[in-house]
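Q: Chains as they are written, first to last, in this note's numbering: chain A, 1 to 222; chain B, 1 to 611.
The set of hints was computed from the structure by calculation and includes no laboratory data. Don't take each hint at face value.
Mimicking DSSO-like on lysine-lysine, the simulated pairs with C-alpha atoms at most 27 Å apart in a straight line are [stated by the list, open to error]:
| # | chain 1 | residue 1 | chain 2 | residue 2 |
| --- | --- | --- | --- | --- |
| 1 | A | Lys-141 | A | Lys-160 |
| 2 | A | Lys-145 | B | Lys-181 |
| 3 | B | Lys-403 | B | Lys-426 |
| 4 | A | Lys-219 | A | Lys-3 |
| 5 | B | Lys-14 | B | Lys-3 |
| 6 | A | Lys-144 | B | Lys-14 |
| 7 | A | Lys-219 | A | Lys-144 |
| 8 | B | Lys-299 | A | Lys-3 |
| 9 | B | Lys-28 | B | Lys-403 |
| 10 | A | Lys-38 | B | Lys-30 |
| 11 | B | Lys-388 | B | Lys-403 |
| 12 | B | Lys-30 | B | Lys-226 |
| 13 | B | Lys-299 | B | Lys-226 |
| 14 | B | Lys-403 | B | Lys-427 |
| 15 | B | Lys-14 | A | Lys-141 |
Calculated Cβ distances over 10 Å to all of chain A for the following chain B residues [what the hints assert, rightly or not]:
| # | residue |
| --- | --- |
| 16 | Val-248 |
| 17 | Leu-419 |
| 18 | Gly-521 |
Ideal placement from N, C-alpha and C gives every residue a C-beta, glycine not left out.
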Amino acid sequence: MPKDRLRFAKEGRARYISHLDLMRTFQRAFVRADLPIKHTEGFNPHPFISIALPLSLGFSSQCELLEFGLLPGVEREEVPARLNAALPEGVRVLECYPGQRPIRELAWLDYAISLDLPRGGAALEAAWREALGRESWVVEKPSKKAKSGAVSLDIPKMVKSFTFTDDPEGTRTLRIVLAAQNPGLNPSVLVNALTAEFPDLLPDGVRYRRLEVLDSEGKVFR
Amino acid sequence: MTKELERILPLVQKPARYTGGEYRAVVKDKSEVTFRVAFCFPDTYEIGMSNLGMRILYGVMNAIPEVWCERVFAPWGDMEEQLRAHGIPLYGLESGDPIAGFDLIAFSVGYEMSYTNILNMLDLAGVPVRREDRGEDSPLVVAGGTCCYDPEPISDFIDVFSLGEGEEVTVEMIRLCQRAKAEGWSRARLLGALGQVPGLYVPSLVEVTYNDDGTLRALTPKHGVKLPVLKRIVSDLNASYFPTQTIVPSTEIVHDRVMLEVFRGCIRGCRFCQAGYAYRPVRAKDPQLLVEQGIAACKDSGYQEMTLSSLSTSDYRPLERLCDGLLDYCAPRDIGLSLPSLRADNFSMGLMRRLQATRKSGLTFAPEAGTQRLRDAINKNVTEEDLKQSCRVAFSGGWSSVKLYFMLGLPTETDEDVLGIADLAKKVLAWGREFGADQRRGIRVTVSTACFVPKPHTAFQWEAQVDRAEYMRRVTLLREHMRDRNITYNWHDPDTSFLEAVFARGDRRLGAVIQEAWRRGAKFDAWSEYFDMARWMETFADLGVDPRFYANRERGRDEVFPWEVTSVGVSRDFFARERERAYQAVITPDCRRQCSGCGANQFCPGGVCDA
């Protein structure tokens, strides 16, 4: 299938565009940018676009990957600028390159989780550090696919590494590398588990940002 | 985007409706803008963004460099709850700024059942809902759209109504408001000046008095205002602004496609149809220009679908040429072309082939009535032979399902007319079997009926609506005579039609009812999730207002009508003549065959319409 790949950022107001709507947005943006792309075959052909590891609604990211197939006649170097002129505010193509490695080799995701802690966050940090450092910590996550309606996740096994930074103005950032797929750990599931475990230590607000996609060795994936 | 908004957006359904930032949304530098407009649509984002008028006026207003027009839609209940709980006032999608600080709040009002949403949006914005409670610093609240041809039911809440097509008068209104702002005019002085602008109706400048029987005694203008206020039109559509560069929503909306307006007006003169009278005279656009605009809009939006928009699209003389021109571009690019408004009497083979070139959807015809006598009475000049011919074309061309729309409760309707619908549906089914291209495929006929709502500025503006019990009796009668498993019968809810009939021809006394129903929780009355008939009926009863007075009463021949503060340019005498002809079941030829002297030629240079 198609071998071209985009890395793009999704930020600001665009964070609230759902995965399906984002696919439609890109399909139209390719038309607006007059960039012909490969179509699926079959009875009802449509432009082939695949976005790896759908981002949760409300998250920002600087490392979203989109696969597609450029038709002959356009240079890859032109693609980011032409698409960016055709995309809504907050969606920004950073690079276009030939995709070499299969998406299944994408193993880890590096996140920044910003926590609003206007009354100080030392206690929360200490508690969360303790939980993340446990040998094993199994939480139940509701699942539509599982027969029982829930799946068990052993959280420490899905965390590769983490650090806390104390930012100005009552914000602390948890920088954490989480399993990407099969199964992956959504950082909001992690935060929900942590706030359920420590109900008196609640941040006022939480923001999530994907910083980087990594392979199984923790190296940058492209 | 504020942190408060960031916190509530993950908690609501489809948050992309509340963020703005779409492709082609207009964002201006606040320091270069001196006049802010909140353009409000009293329904959801998905409905409002599908409205072509909204898109046109958004473009017109934002074309003025120092004016910034932003969009505002009614937040769904979950979002409203969050906005109220967190004290976030209603904001413009483009800037996120509270609209209470804007200069102008403008509503597009196309449906009576959205009235309560107007109040709810003003309240969410923190603007007093009643115009008399607004201070010197409050934004001016204006309304336009087809509902404003009877502005009276909502005249307690609206400072200024804009009648007819807004491309020109909106700019004139803004210019006057800018001048008032620069020169520090009082609100009263500005309203007085706006009342002198052709096409603008200022309800505070008109006094209404009543007779003992509840009918209107007089509409008395003050401060030199002239009544009725005549609607405005755009004379030359070819020269008028059309949005080829328009917002492409980032989330799915109802009409998610290029909308190409082919012409305005209608030559037909169906006696029940307000749009047919209110959009007169007919003004067509040049087909070559339309092809250029259609292609430009496809390129700029990236949409894979285009629809032609107008009343009775098949009456556009160069329609086949237009379709060919568009299909030259659309077909090789897999862009679907659809024509939503076709008449059963001129759906041609040539047209069908052109539509088939792209995608095939169901076909809908609207005979409106079941017998020729009643179709003649309402001047829907479609014969059974026309319908047969259209069905033959459609079925032999491969369509296998046809939808038929009718109204029940039309003036002069008898049980024979009701049963005529069943007969017609069965005939269509039989034609399907006779002409169907693929005999193995079943033929489906869907019949829909709605309860007739008499509208102002029509030949039937005097008529009573049949009551609920009578409508349901006719529904049952029809259903019992149309039991065939290949015919599906849907009927519309008569409660909604009843309230539509009340508000469509209501007067100022309904303002109190709307406000009280809203206070008791009414909103999104067009949505079954929210609509509560009992609440409305209790409110009417508690306020001592009889809704049947408005819906189910036949008006006297010379009665003063509340909507006569406005004029669509068609004379009351003409409507009265048309009503007489309806009772005689005599048709009036369409405007191309013969001018019937309706009065709308006053808009045309030289007094001749280009029908």
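Q: For every hint, state whether the structure bears it out.
A: A quick look at each hint next to the structure:
{"no.": "1", "hint": "Lys-141(A) with Lys-160(A)", "result": "20 Å, holds"}
{"no.": "2", "hint": "Lys-145(A) with Lys-181(B)", "result": "61 Å, violated"}
{"no.": "3", "hint": "Lys-403(B) with Lys-426(B)", "result": "13 Å, holds"}
{"no.": "4", "hint": "Lys-219(A) with Lys-3(A)", "result": "21 Å, holds"}
{"no.": "5", "hint": "Lys-14(B) with Lys-3(B)", "result": "18 Å, holds"}
{"no.": "6", "hint": "Lys-144(A) with Lys-14(B)", "result": "20 Å, holds"}
{"no.": "7", "hint": "Lys-219(A) with Lys-144(A)", "result": "32 Å, violated"}
{"no.": "8", "hint": "Lys-299(B) with Lys-3(A)", "result": "26 Å, holds"}
{"no.": "9", "hint": "Lys-28(B) with Lys-403(B)", "result": "46 Å, violated"}
{"no.": "10", "hint": "Lys-38(A) with Lys-30(B)", "result": "42 Å, violated"}
{"no.": "11", "hint": "Lys-388(B) with Lys-403(B)", "result": "14 Å, holds"}
{"no.": "12", "hint": "Lys-30(B) with Lys-226(B)", "result": "38 Å, violated"}
{"no.": "13", "hint": "Lys-299(B) with Lys-226(B)", "result": "46 Å, violated"}
{"no.": "14", "hint": "Lys-403(B) with Lys-427(B)", "result": "13 Å, holds"}
{"no.": "15", "hint": "Lys-14(B) with Lys-141(A)", "result": "23 Å, holds"}
{"no.": "16", "hint": "Val-248", "result": "6 Å, violated"}
{"no.": "17", "hint": "Leu-419", "result": "42 Å, holds"}
{"no.": "18", "hint": "Gly-521", "result": "28 Å, holds"}
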